[in-house]
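Asker: Construct all of the structure, not just a fragment, from the sequences and the given hints.
To convert, note that position 27 of the sequence shown is 27 in our numbering; the numbers rise steadily by one, no gaps.
It cannot be assumed that every hint is accurate.
[Unchecked claim] Restricting the straight-line Cα-Cα distance to at most 30 Å, the calculated cross-link-like pairs of lysine-lysine (DSBU-like) are:
(1) K56 to K44
(2) K51 to K66
(3) K56 to K66
(4) K51 to K23
(5) K44 to K66
(6) K56 to K23
(7) K23 to K44
(8) K66 to K23
[Said to hold, decoys possible] Derived CB-CB ranges, DEER-like:
(9) P77 to A39: 28 to 34 Å
(10) D63 to A42: 26 to 32 Å
(11) D63 to R19: 26 to 32 Å
(12) D79 to N49: 15 to 21 Å
(13) V73 to E41: 25 to 31 Å
(14) D58 to S22: 23 to 29 Å
(15) P77 to S22: 18 to 24 Å
(16) G24 to D58: 25 to 31 Å
In case anyone wonders, no lab produced these hints; they're calculated from the structure.
We put the beta carbon where it would ideally sit given N, CA and C, even for glycine.
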Amino acid sequence: MHIFALGASRNIGYYAALRLLSKGDTVTFVLRSPATLEADEALKEYVSNGKARLVKGDALSADDIKAAWLGAVAVAPVDFIMFTVGTSFFFPFASFFNMNLIVLFLFWVIVI
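Answerer: Okay, here's the thing in C-alpha coordinates:
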(Lines of atoms letter the chains of each structure in order from A and count residues from 1; the text may use other names and numbers.)
(Lines give C-alpha, C1' and ligand atoms only; values in the text may rest on other atoms or scores of the structure.)
Protein backbone atom coordinates (compact mmCIF):
# COMPACT_ATOMS: atom_id res chain seq x y z
CA MET A 1 0.00 0.00 0.00
CA HIS A 2 1.23 3.53 -0.77
CA ILE A 3 0.34 6.24 1.76
CA PHE A 4 0.49 9.99 1.07
CA ALA A 5 1.17 11.47 4.52
CA LEU A 6 0.76 15.13 5.30
CA GLY A 7 1.59 16.19 8.83
CA ALA A 8 3.40 13.04 9.86
CA SER A 9 6.58 14.52 11.29
CA ARG A 10 5.59 13.83 14.89
CA ASN A 11 2.88 12.57 17.23
CA ILE A 12 0.01 10.49 15.80
CA GLY A 13 1.00 10.87 12.15
CA TYR A 14 4.62 9.94 12.81
CA TYR A 15 3.79 6.82 14.81
CA ALA A 16 1.08 5.73 12.38
CA ALA A 17 3.55 6.11 9.50
CA LEU A 18 6.17 4.07 11.37
CA ARG A 19 3.63 1.33 11.95
CA LEU A 20 2.64 1.29 8.27
CA LEU A 21 6.29 1.17 7.22
CA SER A 22 6.94 -1.73 9.58
CA LYS A 23 4.12 -3.63 7.86
CA GLY A 24 5.83 -3.17 4.48
CA ASP A 25 3.90 -0.20 3.14
CA THR A 26 5.44 2.78 1.35
CA VAL A 27 4.94 6.26 2.79
CA THR A 28 5.44 9.58 1.02
CA PHE A 29 5.91 12.19 3.75
CA VAL A 30 5.12 15.79 2.79
CA LEU A 31 7.02 18.00 5.22
CA ARG A 32 7.76 21.67 5.58
CA SER A 33 11.21 20.63 6.72
CA PRO A 34 12.37 17.18 5.55
CA ALA A 35 15.48 17.62 7.72
CA THR A 36 13.18 16.90 10.66
CA LEU A 37 13.01 13.25 9.64
CA GLU A 38 16.23 12.84 7.63
CA ALA A 39 18.20 12.29 10.85
CA ASP A 40 15.52 10.13 12.47
CA GLU A 41 17.06 6.77 13.41
CA ALA A 42 13.75 4.92 13.17
CA LEU A 43 13.29 6.04 9.54
CA LYS A 44 16.84 5.74 8.18
CA GLU A 45 16.42 2.19 6.91
CA TYR A 46 13.07 2.99 5.27
CA VAL A 47 14.47 6.10 3.58
CA SER A 48 17.53 4.24 2.30
CA ASN A 49 15.47 1.37 0.84
CA GLY A 50 12.91 3.72 -0.74
CA LYS A 51 9.95 2.73 1.43
CA ALA A 52 9.86 6.22 2.98
CA ARG A 53 10.05 9.26 0.72
CA LEU A 54 10.62 12.69 2.26
CA VAL A 55 9.22 15.50 0.12
CA LYS A 56 9.49 19.20 0.94
CA GLY A 57 6.11 20.89 0.87
CA ASP A 58 3.80 23.24 2.74
CA ALA A 59 0.17 22.28 3.34
CA LEU A 60 -0.86 25.87 2.64
CA SER A 61 0.68 25.89 -0.84
CA ALA A 62 -1.37 24.43 -3.67
CA ASP A 63 1.77 24.24 -5.81
CA ASP A 64 3.65 22.28 -3.14
CA ILE A 65 0.79 19.82 -2.65
CA LYS A 66 0.37 19.36 -6.39
CA ALA A 67 4.10 18.71 -6.89
CA ALA A 68 4.21 16.27 -3.96
CA TRP A 69 1.11 14.45 -5.21
CA LEU A 70 2.37 14.16 -8.78
CA GLY A 71 5.72 12.92 -7.48
CA ALA A 72 4.01 10.33 -5.29
CA VAL A 73 1.75 8.93 -8.02
CA ALA A 74 4.72 8.78 -10.40
CA VAL A 75 6.28 6.23 -8.02
CA ALA A 76 3.12 4.19 -7.43
CA PRO A 77 -0.62 4.78 -7.18
CA VAL A 78 -1.62 6.29 -3.83
CA ASP A 79 -3.93 4.01 -1.89
CA PHE A 80 -4.48 6.11 1.20
CA ILE A 81 -4.16 9.76 2.26
CA MET A 82 -3.16 10.30 5.87
CA PHE A 83 -3.82 13.86 7.00
CA THR A 84 -2.57 14.56 10.51
CA VAL A 85 -1.55 18.21 10.29
CA GLY A 86 -1.57 19.79 13.69
CA THR A 87 -0.32 22.89 15.32
CA SER A 88 1.45 23.80 18.50
CA PHE A 89 -0.14 27.21 18.71
CA PHE A 90 -3.71 28.24 19.47
CA PHE A 91 -6.15 28.97 16.64
CA PRO A 92 -8.95 31.24 17.81
CA PHE A 93 -12.18 29.46 16.94
CA ALA A 94 -13.39 32.08 14.44
CA SER A 95 -10.12 32.21 12.50
CA PHE A 96 -9.98 28.42 12.23
CA PHE A 97 -12.75 28.50 9.67
CA ASN A 98 -10.81 31.05 7.63
CA MET A 99 -7.89 28.66 7.34
CA ASN A 100 -9.28 25.15 7.49
CA LEU A 101 -6.24 23.09 6.46
CA ILE A 102 -8.20 19.89 5.98
CA VAL A 103 -10.61 21.44 3.49
CA LEU A 104 -7.80 23.21 1.63
CA PHE A 105 -5.71 20.05 1.36
CA LEU A 106 -8.60 17.86 0.24
CA PHE A 107 -9.61 20.47 -2.31
CA TRP A 108 -6.10 20.51 -3.76
CA VAL A 109 -5.96 16.72 -3.95
CA ILE A 110 -9.36 16.55 -5.66
CA VAL A 111 -8.46 19.32 -8.13
CA ILE A 112 -5.19 17.62 -9.02
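Asker: If a hint holds in the structure, say so; if it doesn't, say that too.
Answerer: Tested hints:
Under the criterion of a C-alpha separation no larger than 30 Å, the hint pairing K56 with K44 is consistent with the structure, at around 17 Å. Restraint check for K51 and K66: the C-alpha separation of about 21 Å stays at or below 30 Å, so the hint holds. Taken as a hint, the K56 and K66 pair is honoured in the structure, with Cα atoms around 12 Å apart against an allowance of 30 Å. Proposed proximity of K51 and K23 is supported: the alpha carbons are some 11 Å apart, at most 30 Å.
Among the hinted pairs, K44 with K66 is consistent with the structure: their alpha-carbon atoms are about 26 Å apart, no more than 30 Å. As the CA atoms of K56 and K23 are separated by approximately 24 Å, the hinted pair is consistent with the 30 Å bound. This hinted pair checks out: K23 and K44 have alpha carbons roughly 16 Å apart, not beyond 30 Å. As the CA atoms of K66 and K23 are separated by approximately 27 Å, the hinted pair is consistent with the 30 Å bound.
In this structure, P77 and A39 meet the distance hint of 28 to 34 Å, their C-beta atoms being roughly 30 Å apart. For the hinted restraint 26 to 32 Å between D63 and A42, the CB-CB distance of approximately 30 Å keeps it satisfied. Here the CB-CB span from D63 to R19 is close to 31 Å, well matched to the stated 26 to 32 Å. Remark: the range hint 15 to 21 Å for D79 to N49 is upheld by a beta-carbon distance near 19 Å.
About 29 Å separates the C-beta atoms of V73 and E41, a value consistent with the hinted range of 25 to 31 Å. Taking 23 to 29 Å as the suggested C-beta distance range, the pair D58 and S22 conforms, at roughly 28 Å. Taking 18 to 24 Å as the suggested C-beta distance range, the pair P77 and S22 conforms, at roughly 21 Å. A hinted range of 25 to 31 Å holds for the C-beta pair G24 and D58, which are about 29 Å apart.
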